[in-house]
Each structure stands twice: as C-alpha cells, then as structure tokens.
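Using the sequences provided together with the hints, build the complete structure.
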Amino acid sequence: MATSGADLLRRIAAGDREAFAVFYDWYAPVVFPLILRIVRERADASDVLQELFWEAWQSAGRYDPARGSPEAWMVMRARSRAIDRVRSTRRRSSTFVAPLDDAAAAVPGSERARDAAELAEDRGMVRSALERLPGPQREVIELAYYAGLTQTEIAERLKQPLGTVKTRIRLGLERLREVVQASP
Amino acid sequence: MSHEPFDTLAAAWAVGALDGEERAVFERHLADGCDVCEAELRSSAEALAAAARSVPPMIPPPQVKEALLRRITATGSARRETLPPRRLVWAVGSLVAVLAGAGFTATFVATRYEARLGQVAREAAALRASVQRDEAALREQIAVYQGAVDLLRDPATQIVLLRGLGPSPRANGRVIWHPVAGGHLFVANLPAPPPGKAYELWTIGDAAPQPAGVFQVDGSGRGTYRIGPVAGGQPVKVFAVTLEPEGGVPAPTGPMVMASVK
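Line by line, the protein sequences are chains A and B. Throughout the first sequence, residue numbering follows the numbering used here, covering -13 to 170 in sequence. Throughout the second sequence, residue numbering follows the numbering used here, covering 110 to 371 in sequence.
Any given hint could turn out to be false.
Here are the simulated distance ranges between beta carbons [claimed, not checked]: (1) A/Lys145 <-> B/Ile168: 33 to 43 Å; (2) A/Trp12 <-> B/Glu355: 50 to 60 Å; (3) B/Pro165 <-> A/Arg76: 27 to 37 Å; (4) A/Ser45 <-> B/Ile168: 19 to 29 Å; (5) A/Arg76 <-> B/Val347: 48 to 58 Å; (6) B/Ala176 <-> A/Lys145: 43 to 53 Å.
Hints were generated in silico from the structure; no laboratory data involved. In this text, a Cβ means the ideal position worked out from N, Cα and C, and glycines have one as well.
Now the structure itself:
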C-alpha cells in the first residue's frame, strides 16, 4: 500500500505521531539544506527546522492537497521561516549585517559560483536545478529566494533597471519549471 | 484590462521579491480570486520545491527529531487548534447542555475555580521563591567572577596552575592569588567526593600546611571557592587539595588529589 505525503498529513491532522515521524524522515532532509543555505548556521538551521515541523504538526489539518504537494507546502514554509530568522537576527544586532548580505555576495552569477557548478558537472555530480539557469536569471532568483531581497533591493544592488529585474525573475522561473520538468 | 502584468507580479511574488504598491495590488487581485494567478503560483511553488529536492539531501542533527517527538508527546491530545466539524457540533451541543444546568453549575464552577485559583497562587509563590533563589545564586556567582576580575587587574596577582594527582588524574585547576587579598580557586574535572567527605584546600609556605577552606564540586566536576588571605601574610609556595571529612580538619589526613605545579 503506497503512502503519500498527503496521506501522512491527513493522519498527522488526526494526531498520528507515527505518521509524523515518517513525514519528518521524508521531508526534513529536503528542507534542511535549504534552511541551512539561508540561515548559514547549523544551530540556527536546526532551530528553524524544529519550529517548521512543530508548526506542521499543529496545522496539518489546514493542508489542502488541491493547492499543491506537501513538498511544496513544506518548502515554501521552510524558506519563509528561514528568512524570518535571518531578519530577526539582523534586527537584534545592528552591527551584524551578515548573513543576508553575505549570502547575497556569495551567490549567483559570480564567477566562483559558476565555476563550482561546472566543476560539479564535470565530476559527474548532479547540478542543482537552479544552477542550470542562465547566470543573470539565476542571480535575481537567488538574491530573492535565498537572500530575501525584494525586487527593488535587487535592482539597487545590481544597478539594473527594476523592469529588467522583474523580467529576469519571470523568465528565470519559467526556465526553472522547464528544467525541473525535463529532469524530475 | 489584460492579465499580462499580473504574470510578472506573480513571478516576483513566488520568490518573495514583490514589494511596495505592487505587492498590495497583487494581493488584492489574489484575494478577489484569480484562477490564472493561483495556478501560476502553484506551479512556481512546485518548481521551487523541485529545485530544493535537486540538491543532495542532508540528514539534520538527530536531536531535532528527538525534541519534536518529545514535544508532541508532552502536548498529548490538547493540541488541536481547530476541532473537526463533527466534534465541534458535539462540543457546542454539550456547551448548551451545560448552560441549561447553569444554576447548579455556577456554584460548582465557582468553588472549583476558587480551589484552582488558590492552587495557582501557591504555584506562583513557589515559582517566585525559586526565581529568587536562582537570582541569589547568580548574584553570588557574579560576585565571585567580579572579585576574580578585580584581582586580575592587580599586578601583584599570580595565577597558579593545579594538577590532578593519584585518584583524580584528570582534575585541573587554577588559583588566582594575591599575596595580601587572598584569591579564588577554580577547579574542573574533580569527581564528586564520597558521602561525608569534602575537598579541603591547603596553603603551604615554609611551615606546616595551613587549612584554607573546604569546598564542594558540582555534578560536572566544577567548583569555585573564595580563598581568604593567609594569616600574617606568609608567602604561599604550594596550593594542595586533599579529600577530608566534610567538616574539614586542621591538618591534612586524606589523600592529596590536586597540587600546584612548581
């Protein structure tokens, strides 16, 4: 009998702890690298992960399969909790400007990032889906999604017109959809 | 109006980049109900989820799962935020029944509440006492550290290392020592003494060892102790710790567990 993530969430909503343990084992290894990439500290990432799954336990009943896969549901929440964590850390200490800016600096399009991606492919490693986007599109999506910058902030940072940034985001997302459909 | 501008807004919204007036406009548009945008956002969310899955998975630290399972077990069944509809109907039904018997129930509930309030007040008082105890302990600890820091500022202060001997080879310690003001002893990795016993510190100069106080260690083998000045300001050449009866003794009798390094 095949179990789906949606089945698990239904059972979790009914208070099934075993289903929750399985759900955690399935999805925590997927969202943990994403959270870690955003918050950068393992201890912070563990905190965010715990809160994320705690919320999932409490609000599993509100999951609606018609609105998307459980994975999309968890990934979206993981990203937004991680960004919240970085913002609140930043607010607490005005002198501490990392990691959002760090993340932004470290990201995309930069030669180092591209080299790393190509190197990974040369070694026969799987390139992550985002790494298969054209540099400028990947850059704007990463600045928004991982570093939490808004389109206006991205335009300022890259010294590009706002319209260009918007277009790149849209084209980048379209491309990302094609990439993930081509290699599920 | 063409739908086109909303496609661009939806893309920015999907990666959390939409801001300002455009965000307000788009969220109003969503709230009005737009199947096109909803499908668009759904598809973007799935693509971003697939992107997250495309990087190598990472097993998080096992403590996270353990903590979650503990939390879940602790909350038991009282966790539900929203009751399933049938149970809600039932709950409303029983509430009505309870209200019907209100005359009797009110007295009963009031009595129950007074008992409960009394209990809450007692718990609060106990909590306050416990907080005050913790506060006193913290103040004491701060005073120790403050004293140590003050001593460290004094050029006459020395730091003497203590090493574990015989029964407790892993023990180590430091004495911050001022020839006139006395000092502080900090030890670590010293096993808890057996029942009825305690550690006693000795200062040894040219004459017989002088008792410098009895101290205990905590569960993790750490202890701090304020050492009074030596009578007559005699110079100290060696600090030593022995295991002695709890009340302390005037001259060492037990095994030496730590001594200063020459």
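Right, here's what the structure says about each hint:
no.	hint	result
1	A/Lys145 <-> B/Ile168: 33 to 43 Å	holds (41 Å)
2	A/Trp12 <-> B/Glu355: 50 to 60 Å	holds (57 Å)
3	B/Pro165 <-> A/Arg76: 27 to 37 Å	holds (28 Å)
4	A/Ser45 <-> B/Ile168: 19 to 29 Å	holds (25 Å)
5	A/Arg76 <-> B/Val347: 48 to 58 Å	holds (53 Å)
6	B/Ala176 <-> A/Lys145: 43 to 53 Å	holds (45 Å)
Checked against the numbered hints above, the structure violates none of them.
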